[in-house]
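Novice: Here the sequence shown is numbered in my numbering, starting from 3 and rising by one per residue.
Hints are supplied without guarantee of correctness; some may be wrong.
[What the hints assert, rightly or not] Capping the alpha-carbon separation at 27 Å, the derived lysine-lysine pairs in DSS-like fashion look like this:
{"id": "1", "residue 1": "Lys-86", "residue 2": "Lys-75"}
{"id": "2", "residue 1": "Lys-86", "residue 2": "Lys-73"}
{"id": "3", "residue 1": "Lys-120", "residue 2": "Lys-86"}
{"id": "4", "residue 1": "Lys-86", "residue 2": "Lys-106"}
[Unchecked claim] Have a look at the derived ranges for each label pair, beta carbon to beta carbon:
{"id": "5", "residue 1": "Ala-39", "residue 2": "Gly-74", "range": "20 to 26 Å"}
{"id": "6", "residue 1": "Ala-79", "residue 2": "Arg-115", "range": "19 to 25 Å"}
{"id": "7", "residue 1": "Thr-36", "residue 2": "Glu-119", "range": "15 to 21 Å"}
{"id": "8", "residue 1": "Glu-123", "residue 2": "Ala-89", "range": "40 to 46 Å"}
{"id": "9", "residue 1": "Ala-78", "residue 2": "Lys-120", "range": "25 to 31 Å"}
{"id": "10", "residue 1": "Glu-112", "residue 2": "Arg-82", "range": "20 to 26 Å"}
{"id": "11", "residue 1": "Pro-20", "residue 2": "Val-116", "range": "33 to 39 Å"}
{"id": "12", "residue 1": "Arg-82", "residue 2": "Thr-34", "range": "31 to 37 Å"}
If you're looking for bench data, these hints aren't it; they were derived computationally from the structure. Here a beta-carbon is modelled for each residue, glycine too, at the ideal position from N, C-alpha and C.
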Amino acid sequence: MASSTSSAPASSSSSQTPMEDIMRSKLTQTFTPTTLAIHNDSHLHSHHTAMAGVTSKETHFRVVITSEMFKGKMQAARHRMVYKCLADELAMEGGVHALQLRTKTGEEEERDRVREEKEREGGVAAEGVSVEKAQG
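Construct the complete structure from the given sequences, taking the supplied hints into account.
Specialist: Right, here's the structure in full:
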């Protein structure tokens with residue numbers, strides 16, 4: 003299981019990724035995740051009209067987070083929890099403009115891992131329907 007739950011560096015002013023560092027620190031402190039992957043996708047959106055004049059290289063993020071704090075909560079509630087945690091970064095001028103979330107519990111992550119393993123072996127289609135390998 004890939005896990006990236008390191009704490010933020012002592013000084014984010016010298017960091018090349020200060021917004022990502024702040025996000026990582028806040029998400030780690032709030033959710034104690036077993037998995038936390040933060041992907042900076044800002045370069046994919048820099049040409050958008052809304053980004054004209056924006057100098058920040060940290061505006062669009064994709065976050066995968068696994069935490070037991072999500073247990074028993076629907077996706078929308080989980081996302082609201084993350085938005086609340088990162089409210090300052092989302093509201094900040096030049097801050098996070100877009101945030102794509104994938105929130106899971108440990109049980110969901112394990113289920114997905116097993117399903118993906120079976121898909122790689124060719125025994126289960128993406129929708130979870132058994133398939134037979136073509137012969138010939």
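Novice: Sort out which numbered hints this structure fails and list those numbers smallest first.
Specialist: 3, 12
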